[in-house]
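Protein chains in written order, with the working numbering: chain A, 79 to 388; chain B, 79 to 388.
None of these hints come from the bench; they were simulated from the model.
Each hint should be verified, as a subset may be incorrect.
No distinction is drawn between identical chains; accordingly, a pair holds when it is met within one copy or between any pair of copies.
Unchecked claim - Quick list of in silico lysine-lysine cross-link-like pairs, DSBU-like style, CA-CA up to 35 Å:
no., residue 1, residue 2
1, LYS203, LYS94
2, LYS198, LYS94
3, LYS369, LYS94
4, LYS94, LYS171
5, LYS271, LYS94
2 protein chains.
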Amino acid sequence: EKANGKRKPPPVVHYKMNNVTSTADPVGNRETILILTPLARFYQEYWDNLLKLTYPHELITLAFMIPKNREGNAATLALQEQITKTQKTGPEKHRFASIIIERQDFEPPLSSQSEAERHKMENQKARRAAMSKARNSLLFTTLGPSTSWVLWLDSDIIETPATLIQDLAAHNKDIIVPNCFQRYTDSKSKDVKERAYDFNSWQDSDAARKLGEGMGPDDILLEGYAEMATYRTLMAYMYEEGADINTEVPLDGVGGTALLVKAEVHRDGAMFPPFPFYHLIETEGFARMAKRLGRAATGLPNYKVYHYNE
Amino acid sequence: EKANGKRKPPPVVHYKMNNVTSTADPVGNRETILILTPLARFYQEYWDNLLKLTYPHELITLAFMIPKNREGNAATLALQEQITKTQKTGPEKHRFASIIIERQDFEPPLSSQSEAERHKMENQKARRAAMSKARNSLLFTTLGPSTSWVLWLDSDIIETPATLIQDLAAHNKDIIVPNCFQRYTDSKSKDVKERAYDFNSWQDSDAARKLGEGMGPDDILLEGYAEMATYRTLMAYMYEEGADINTEVPLDGVGGTALLVKAEVHRDGAMFPPFPFYHLIETEGFARMAKRLGRAATGLPNYKVYHYNE
Ligand SMILES: Nc1nc2c(ncn2[C@@H]2O[C@H](COP(=O)(O)OP(=O)(O)O)[C@@H](O)[C@H]2O)c(=O)[nH]1
Ligand SMILES: Nc1nc2c(ncn2[C@@H]2O[C@H](COP(=O)(O)OP(=O)(O)O)[C@@H](O)[C@H]2O)c(=O)[nH]1
Ligand SMILES: [Mn+2]
Ligand SMILES: [Mn+2]
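Same shape as in the complex, but just chain A (with noise of 0.2 Å):
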């Protein structure tokens, strides 16, 4: 309002979608970047690995969506001390262009966040399609006309290179997953070593067609449990030590634990399904629904980030 209680005529805002590129090389060419995290435990390696990503901050905007529960309160607690720090008195390259967090209740669909709970296969479908709608309210709140390249980023990644947004977009994909492992102490020696974490990307297999063929349309075929053999090749199992660390495979089921999209993908109306999609939910759903789109996934089996081991 003006000082004299009239209304100011507001702006009118004109956006050139077409100027707006996601290219191999977006430093150069100034892209904005979003991150978007669904968030429902705070972990303090997520956010010092994000401050040492060395694309511009000031290209960045981070999103996050956290539940309004008990555990949510906490970890907005926790990242809103985080981002104090780094927005006001950190080093300036450090400080992003804008940050914006959204809180918000969904059917609780699991009682404990463990590990183990979370995982349990009749558990899977109520909480991928809670996810889902989670992923979906984060992305189309906060995609904006200028975006050009939306990451995924879960906020139990802990450990990824610092070049990461520049080493994925360099691939100049619609959509690129890296692999997601995870470090253990092995029980018996204690040497730290490393397992795959993450099995949602895959390459399709015949034997999970005719799985899905002979299912009812509201079932979903799932990954990684030894009651439903999908026979699918997933990139968790294609990591090659020492090999290129650019080699790419064609994927038809991407994970989301870190995920880079070029945002027209998203904008063209590829979403999250919280319901079953050719038997698919969620970020494996979201890789077909892209496919109907005419956007292909790719995955880089030997580029490696960690997810946090509870």
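Once you have looked at the hints, place chain B with the ligands on chain A.
Frame of chain A; chain B with the ligands shown alone:
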């Protein structure tokens, strides 16, 4: 930037999405409306009708998606002229909260925009796929975390009751659609008469379901074509002179000429499939997708809005 050239720590924006309501009393609850218009042609009557809407304009954001071609340039100029008049020199109460204009190229689906050419059956799939992408792009980039309602309003809707938004919202439905008619001059009597225009709002039939089952996965069902008898019950023909304007009917497909949607339905992921979804695309596919998300569509057969007549 500050005067000393230092980048200001950017603000963190918090949204409590549970506090965003969409109720039967949107004026009383100060609910914000996003009016979305894909616009290929500008009609003065559309703008005049918009200005007459009695919903508080300070709660309304307008957003347009206009193709980046010659026709779109002309439409943008004409629109911009009216916007300037309304927002700068028009009566205070006419002014909208904010206005967004997005310009974008799509693969031009048709060489001509004439009503006859648009409605040819063989042109419908490509045309409506392109329209779906235009709608999704507009939706994904303008929907905010505090939007309560989305009103889809085609640029050739030139006459509605002034209380359109309040009247539709009063039904408190996830998705609600009035009956879209068209006035015309009878060639013999020269009387001004009216006829049904939009055939995309319908109740499904066994015949249509059977047609769908016999189709390939990429085929679509279309309404209003003699070549494809669906025997669906069309809202267009449910209109009863003098009957209650608040009569509700359940719908399986909806048209998008005028269409009110609770914002959370879109935020959950309901969009306009540019690909055949249960053999449906665009607004009809949207209704099907919403149903998959547990959200029903309602029609008001006796509540009329009017489409331009070329
Ligand atoms: N907004 C929101 N985020 C969630 C919810 N549950 C999990 N998350 C976040 O979503 C991401 C994936 O969930 P997670 O439990 O790590 O999945 P998993 O590693 O596949 O078992 C992580 O970033 C979580 O912090 C939820 O109910 N709401
Ligand atoms: N952005 C955009 N809008 C379009 C395009 N074609 C039509 N429109 C608009 O989309 C709406 C529906 O299109 P229209 O041609 O009127 O469809 P019909 O009345 O069903 O034949 C109208 O508001 C048009 O102005 C297009 O290619 N791009
Ligand atoms: Mn996780
Ligand atoms: Mn029209």
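Going through the hints against the structure:
Within a single copy, LYS203 and LYS94 get their C-alpha atoms only as close as 40 Å, which misses the 35 Å cut-off; across copies the closest is 26 Å, which meets it. Proximity of LYS198 to LYS94 under the C-alpha cut-off of 35 Å is restricted to the inter-copy arrangement: shortest distance 31 Å between copies versus 47 Å within a copy. In this homomeric assembly, LYS369 and LYS94 come within 35 Å of each other (Cα to Cα) both inside a single copy, at 26 Å, and across copies, at 34 Å. In the homo-oligomer, the alpha carbons of LYS94 and LYS171 lie at most 35 Å apart both inside one protomer (29 Å) and across protomers (29 Å), since each shortest distance falls under that limit.
In this assembly of identical chains, the alpha carbons of LYS271 and LYS94 never lie at most 35 Å apart, being 49 Å within a copy and 41 Å across copies at closest.
The structure shown violates just one earlier hint, number 5.
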